[in-house]
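> Here are the chains, one letter per residue:
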Amino acid sequence: MSLAESTASSAASFQMADHRTPLVRNCWYMGALASEVGRTLMVRRVLGTPVLFYRTEAGLPVAMDNRCVHRSFPLDKGRLEGDCVRCGYHGMRFDASGQCVEMPSLRRAPGHAKQRSYPVRERGPVVWIWMGDAAKADDSLIVDLPWLDSDAWRTVSGSAEVDANYVAMHENLLDHTHFPVLHGDAVSTEEYINSVLKVRQEGNKVFMTRELPDSPVAAGFGHIMGIPGRRVDSYSDSCFESPALHVSHSRFVESAPQGEARPFHFNITHVFTPAQQNSIHYWWFFSRDFQLDNPEIDGVLAAGINKAFTEDKDALSWIQAIKDEAVEPLPELSFAPDRPGMLMRSVLLRLANEESKYSANPS
Amino acid sequence: MSLAESTASSAASFQMADHRTPLVRNCWYMGALASEVGRTLMVRRVLGTPVLFYRTEAGLPVAMDNRCVHRSFPLDKGRLEGDCVRCGYHGMRFDASGQCVEMPSLRRAPGHAKQRSYPVRERGPVVWIWMGDAAKADDSLIVDLPWLDSDAWRTVSGSAEVDANYVAMHENLLDHTHFPVLHGDAVSTEEYINSVLKVRQEGNKVFMTRELPDSPVAAGFGHIMGIPGRRVDSYSDSCFESPALHVSHSRFVESAPQGEARPFHFNITHVFTPAQQNSIHYWWFFSRDFQLDNPEIDGVLAAGINKAFTEDKDALSWIQAIKDEAVEPLPELSFAPDRPGMLMRSVLLRLANEESKYSANPS
Amino acid sequence: MSLAESTASSAASFQMADHRTPLVRNCWYMGALASEVGRTLMVRRVLGTPVLFYRTEAGLPVAMDNRCVHRSFPLDKGRLEGDCVRCGYHGMRFDASGQCVEMPSLRRAPGHAKQRSYPVRERGPVVWIWMGDAAKADDSLIVDLPWLDSDAWRTVSGSAEVDANYVAMHENLLDHTHFPVLHGDAVSTEEYINSVLKVRQEGNKVFMTRELPDSPVAAGFGHIMGIPGRRVDSYSDSCFESPALHVSHSRFVESAPQGEARPFHFNITHVFTPAQQNSIHYWWFFSRDFQLDNPEIDGVLAAGINKAFTEDKDALSWIQAIKDEAVEPLPELSFAPDRPGMLMRSVLLRLANEESKYSANPS
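Residue numbers (this note's numbering), protein chains in the order written: chain A, 1 to 363; chain B, 1 to 363; chain C, 1 to 363.
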């Protein structure tokens, strides 16, 4: 039975996360671009908490609560001194672990005065942060994204603040049936709507793959690859890697090449960090393995991606606004093509429930 | 015993609606001017719900929830196709009854996918909508307003968004004692304050009538009728017709005419549609049966009415703001001249209570 | 044992007011500058309630609710008539006690219609108001501030709206250890941080005194007194007089004068009136007993004070914003130098608790 024929009624038995589900905390979220974290104090709200970022003199990224444990003064209004941050109110000085090492009005620094600090890891262009139970901050959970830091790939990137919950963002990415409707013909063809998908769940990850042999290339992609209007064998997958991350890979090969048939690859990395329950920091990285030094293609890609992502952002913001304004929970109907998203939402609900006791006391 | 002498203490025994009382849903509200509803998608918030309006190719008005049953995308961001609306996210197509008739990613349209649609009726310049229990949407409950659509009358009209609850709007209209204080001498005379009123309730309607023989004409009316400074026999009534509608009729005849004594009539139609609990769409229609083709009088009337209605709007918005900011319920004192409004408020409370079970689950 | 050596753990046993503690009502708060209250209607929000101020023809200040007891119309949109205020909606007229003395639509003014009025007292440049239980409005509770109204003193003053709770404002004033950090060297020296304080509580007042013999004068003060860079014997006290008032006195004498050793005195009067739970009207009065007729010193003082008070205002607003945005109560750590503020906060909590029954029904 193809997905398109499966019944919606079976889908309705899923218990799924929505925009009211507590945010998952035990996850490596993107705290910042590595280039944003330096020798000046920087603040970003992550999972509702204002977090202070800076880099030690040795270059290591640091993250801690941006609220002094004494009288809640925002630490970013103080100043960086060596590897320490000094509060601008009473001058308490905290080291990179958050430990108070000096209080001017006391002879000895109070040993019990410690800022909450957060595990951070730098990987290529990304500084990851762990806002949950520090004991569970396993480095092996950081998803490898080698193309972001490789000479074999060229990446165009951008970011946006989106007024939507991450559930809707993830669902949007696991759904290709909206491409021709919302985005038009630049990034998809009509065949996307009815092509057969393979969906599988592995642990907390949800994969969706599509193979489309001998089919017209989407206009935007055809232009970039230099094969406009040709027919291609295409393969793509989309993966819900974690609450913070969705990665997709695409491969196009000309179906009937005139010369040598070289494949074209695109890796698209979507990174979401909830600022609050229903708003996110969104970073995207669009990587290709050809025409690495062609700035014209960079520009065409950036323009096309910005158009499509703005369409997504607008759609999800409109939907979030409708939910925010509603006095009561709004029922929604689901259909067979929604299944990848529904699997992801059931994972998100389970993860949230598993840490609900923790979430009830996040600080 | 005149009303003015009746005691306030008897009045205080009324149980009355106020700005916190649930809005009555089983009522024909004005959804839009007929001229606003056409072949482009239009949205207006009615009783808290964003409603999509459009007209079929045959010209019939249509109203349905502006939120796709699938993933809550706002339908007005999609497009009109014949008599159907197509969602801009996944392309679901709904007919004028709200029934889904196509979903591009499914072979068959899902029969259980249906937008909530609302009964609508077009009468003269008004499209009425019924947001409550559709089984109770009786056409005979639509109040006849023939002067809005008659060659024997000339109507000047306008509209405003008012940040106030409809209870206060209705009470303001059933109270003429504020005219000289709030509006000055253009629309009333000092005698309005103490003139004897007849008040009666018939079912859910509240009527108030006043006869004022041989009295100076109010300045604004005198000017329009061409009898400034003269004495007139005047009659007027004001009627709370429904939660959506207040209608008043006025008749003036010169008390001592120099020639033929012709009566002058004004019908004033006030239409309220709650957008939310404490904000309303307000339309007014000021109709006269003389000088039908005199645009100068249209202009004078529009200016005068706008001045008075702005005074009302400001007053009620200020009062609503005070109530909104109050931490606790604010007590109010009522007096004998408040009796028409208090009767209306007791009707509104009863209507709200009768459908309270429904109101608790409006969707 | 010096304060700096006392342990923080003993301090932690205090139960203290914070920004969520109900505001104390039984207190003389500053309603307005005497110069603000005149023959035009003026409104200011005090403890959450919009209060109408005006002056009778005999010059006495009047304060009453700015909300007509009839239909909640804001009285400041009406007009002053002799010693009375007339509502702009139905023309009810209230005398200076709040008693309705006329209602145009009634033959006799309703005796039970009475605005809530508030005790007010004028003392020098200040009109004090009592928002709590009127039976407890004891004139002797008004703190005497003779320097504000004396020819022997010269006062520079200002005001600000601050988005912070009064607890934090008071705590900031009972804490001199932040001076060098937040304000720099204009108003303090490094020695302020570690100087020994004497702290004492008398009833509901908390006093803090410091004597600093033979120490460098703070730059700003040295400039004003004409003894820059000299060493001085300084004395200062700071007193939490009431929820509405903090007063400090400073005295400087040159330690090794070249001629006659004249003392310099500064009295600083801080007045707080909560507008809402977490916002205040703040007035400050900076008085000196020398160079009374030197406008250049006025200017230098005003600039310096504005700088320091803006630093305080910014700090407290940032802290309040952090508290407002927090989903849960934020823990804070206290240390020995916080003891004066902690004593004050325990007083504020006790006062709030004592009148909690009243606060639950303030109107």
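Think of the hints as simulated: they come from the structure by calculation, not from any bench.
Keep in mind that a hint or two might mislead.
Some chain B residues judged to face chain C by a derived CB distance under 8 Å, without partners named [unchecked claim]:
| no. | residue |
| --- | --- |
| 1 | His178 |
| 2 | Asn194 |
| 3 | Tyr235 |
| 4 | Glu332 |
| 5 | Pro337 |
Beta carbons are placed, not taken as given, at the ideal position from N, Cα and C, and that holds for glycine.
> All hints are to be evaluated individually against the structure, with a verdict given for each.
Hint check results:
Here the hint on histidine 178/B is kept, as its CB sits about 5 Å from the closest CB of chain C, short of 8 Å. Because the smallest distance between the Cβ of asparagine 194/B and any Cβ of chain C comes to about 7 Å, under 8 Å, the interface hint for this residue holds. Using the Cβ-Cβ criterion of 8 Å, the hint placing tyrosine 235/B at the interface with chain C is not satisfied: the shortest such distance is roughly 20 Å. The interface hint given for glutamate 332/B is met, as the beta carbon of that residue sits about 6 Å from the closest beta carbon of chain C, less than 8 Å.
Restraint check, proline 337/B versus chain C: the minimum CB separation of about 4 Å is within 8 Å; hint holds.
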